[in-house]
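Could you put the whole structure together from the sequences, leaning on the hints where they help?
So the sequence lines, in the order shown, correspond to chains A and B.
Sequential numbering of the first sequence, starting at 15, is according to the working numbering.
Sequential numbering of the second sequence, starting at 10, is according to the working numbering.
Simulated from the structure, these hints should not be mistaken for lab results.
Mixed in with the good hints there might be a few duds.
Taking lysine to any residue and the SDA-like style, the derived pairs with C-alpha atoms no more than 25 angstroms apart in a straight line are [what the hints assert, rightly or not]:
#1 B:LYS483 - A:GLY192
#2 B:LYS757 - A:LYS142
#3 A:LYS146 - B:PRO431
#4 B:LYS757 - A:THR187
#5 B:LYS330 - A:PHE135
#6 A:LYS21 - B:GLY646
#7 A:LYS142 - B:ASN597
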Amino acid sequence: MDLDLNKAAARVVIDSQLSDASSVQRIRISHSVGFDDPINTSGIKGATVSVKDNENRLYSFQYEKDGYYIHRNFKPVAGRIYTLNVAVQKQQYSSSCQMPAYVAVDSTGISEKSLNGKTYFFATLTFKDPAKVANYYSYTLSINGGPFRFANAQSDQFNDGLKVTHYISDLETDLFSGDEVVVRRYCVDEKTYRYWNEYQNNNLSNAAPSNPKSNISNNALGYFSVASVKEYQLKIGQ
Amino acid sequence: MRPIIQYFLPISLVLSPFILSAQEAVLSGIVRDASTGKPLHGAVIITVNDSIGATSDLRGYYHLSLPRGTHRFAISYIGYQQQIATIELLQSHERNFELKPFANRMDEVLVSAKEKGESVDDPHMSTVHLAMKDIKDVPVLFGEKDLLKTIQLLPGVQSGGEGSTNFHVRGSDGGQNLILLDQATVYNASHLFGFFSIFNSDAIKDVQLYKGGIPAQFGGRISSVLDISMLDGNKKQFSGESGLGIIASRIKLEGPLTQDKSSFLFSARRSYADSFLKLAKSKDMDNNSLYFYDLNAKLSINLGKRTSLYLSGYHGKDNLKYSDLFHIAWGNSTATARLNHQFNDKISSNTSLIYSGFNYQAGVSSQQIDFQVASKIRNAHAKQDFSYYANANNTIRLGLGALAQSIKPANLSSDKNQSVNPTTIENQRGIDLGGYISHEWKPTTDLSLQYGVHVHDFIVLGKRTFYQFDKNGKPVSEKRDNSRIAKHYINLEPRISASLVLNEQSSLKVSYNRIVQNLHQLTNTTASLPTDQYVLSSPNIKPQRVDQAVLGYFRTFRNKQYNFSVEAYYKRLSNQIDVRNGATLQANTYFEGELLFGVGRAYGLEGYLRKNSGRLKGWISYTLSKSRRKFNGINEGKWFNARQDRTHDLAVVANYALSNSWTLSGTFVFNTGNAVTFPSGKYLINGKSIFYYTERNGYRMPDYHRLDLSVTYDPHTTNKRFHSSWTIGVYNAYNRKNAYTIDFREGKTNPNLTEAYKIVLFGIIPSVTWNFKF
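Right, here's the structure in full:
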């Protein structure tokens, strides 16, 4: 159906999910587009991007292409506090994040649920949640070598310290028998969890969806997160 | 704390003494249905010569002060044969009347009802009375007659969504309506996620809706009062009634326990599993166990000439189970005991003990996850009301009440595998001590006043832990309060309405009321879920408050065949509550930190034209309105439209008697779409296209319109004991694809583009119902 939506003025978007998966870190700077426009793929050039830790190590990111700023020798360490500084056309944006430690996964698997005659598949990750601390998890998923996309965010609010299983599937694409999936599990801080939790609550039943709250200053969209991460490869059963 | 009585003193000084002049005498009594013995509400008794008259109240009781002497009276009621009586009135006198119903309802033309609030000289305004007859003639979804759907066709009352029994009155939220069933609060009036109400039309006598100028005896919710009375059983003879519909079947039994003295009524309704969800095109809902039922019972007992006892109760439940994975059950129970006593022809008293409760349990169970959530809300209410009919121009009402309220918030429990930690959130308890006094006064023949005050002391009970939060909702401190009483919220609520008769056909009316609300319903979803959380006022949550002023013009045409009214209202709302995005309200000790507080305003113009009699009956209602809110932390602190904000709302309800046996009914509704939040931009994060919103509720859903039709075949075979009728209906007759929700998805061809699509809940839906009496 056709809807006549206003075209909002462009805002700076900072997509900065850093992790210890490798020593290559990417931060993407772009701007928002009107709802009916194609998504911005070229990004913003000419920004200054750097990350500093609480022991004064400074990592300056270099522009490569499509709005990506990259550092190829930076592997963050759990427990350190990282501060992001971005300058775009004389505007300063900053944020900080303490990197949480990784919570090891004991077992993985594939779960099948039959609803209404149709079988739905989920990747499952079972682990022991550390007791007496708040833990937050976020997941991205790649199907058959496709791009990693956000799948879901979880907290231990109701199962702190217990043996927990998370069920992961893509929000838009169903999994089928024979699919090869890679689950990326991030142990994130509370603000990152809140960002993704607000995102996942902007669903049909929400009476008033709103922008996920950014942890970056100066009204930027997006968020800054430094997380511990591991990948799990799974094949949906035949 | 200052004692409540202090507030009453100034008011009692205002009241002038009421002395019946020496030349006058009082005629009083009860008007009843001659065939069932039921009291008739709204019967008119009038002197034939000089047209001095009175209207019978809910108990059928009338009261008339007249000069001593011999008078001729006409007693009339819609659908009943008029009675003429000559009475020599030398001293105050009691006289009951029994009116015979017309065998044929075509004859109802003869009498026009004098309904509360709709008549020209009554100070009540913004008030609508519906008899079950009005409700039964309106075509509805699946043919299941529903009073909550009928009131949505009145001016100033909006539907909460397609097919929904939720309603909004004058721009307010659904949780701001006080719904009373025989005085007992109904917390959640919906079955099956709001598609049906819990009110079985078989068991309901009548309904009074107050949208403004709310009389002093009511309080507790800021937006409206929906006062529903259960039917009294037939005191003359045993009878039954049953109905088979596509959703549910009903049976009703009633009859005398002691002839002419006491009666019982029992009615039950049960739905057939999930037949309607299959029609609703929602494939996910196909294999459900899904039903609801309702039980209503009432005993009416005469304990002598002046005393009656009424015992009534309701119990209902919904049960939904989804192939062992998920189940949810919820239900209401109410019980009312009311003792009515007539001390003399001037003073009457009602003593009531009332209980009501609502609870739900939901559970998820699978190999890995197994937990239960349960919540319960209850109240016990004791109240004493007095009416003093001083003379034809002065009536005083006063009452006192104590209501104990408790909420057991949603708690998590788990018995298998320990996949969740059991959590227990402390119960909330409060006591509402209230009292009111009001005076109905007719100082001149043209002017009628009703003024009064309602006073509440809402006591937040202690022995629980209270928290303080920072502006982001993070708990900053906690304090265990071991005292009995944690806090008092004392509020004084003035109420006044007046009518000025311009001529025999028309009047101006004006009213003002203030009301506070201490029980708050929290919701952040578009659907009506039984899991909505209730909270009581607390140190963090202040009572919600409304100030409403209304101005209206009322007139009748063609010898009261038509009523017309237009009303303008303005409401100021304080301490309104909204919920942070992504908030977890259930099983969350710190849920108060998830709440945001703000203000609101709502204003509008309502027009209502009603034809009461003739072959063609029905009404047209139109509302032009605005409803806005302002919250710190929402929409950058700027005013925004409430979700239920609509510019235009139109309803046309018509009923045409083709012949003695055939009746044709139709309803047409049109309204501007609700205010809604749509994205105005988007951006890419972590591989996801994320929507960028610039304004809360800055957009509109498409306009909504729909036509429903039904035809009833009712052969009025009055001589036979068995009697049956058929109703065939069609909902959404021209199959309008009204959008229930609009959502967005990545384009199928180019994922960088986004497209909007709508979800339609109900297309054209036929229904058939068979009703029979025995």
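Each hint, compared with the structure:
{"no.": "1", "hint": "B:LYS483 - A:GLY192", "result": "45 angstroms, violated"}
{"no.": "2", "hint": "B:LYS757 - A:LYS142", "result": "40 angstroms, violated"}
{"no.": "3", "hint": "A:LYS146 - B:PRO431", "result": "15 angstroms, holds"}
{"no.": "4", "hint": "B:LYS757 - A:THR187", "result": "12 angstroms, holds"}
{"no.": "5", "hint": "B:LYS330 - A:PHE135", "result": "22 angstroms, holds"}
{"no.": "6", "hint": "A:LYS21 - B:GLY646", "result": "21 angstroms, holds"}
{"no.": "7", "hint": "A:LYS142 - B:ASN597", "result": "22 angstroms, holds"}
When each numbered hint is compared with the structure, violations occur for hints 1, 2.
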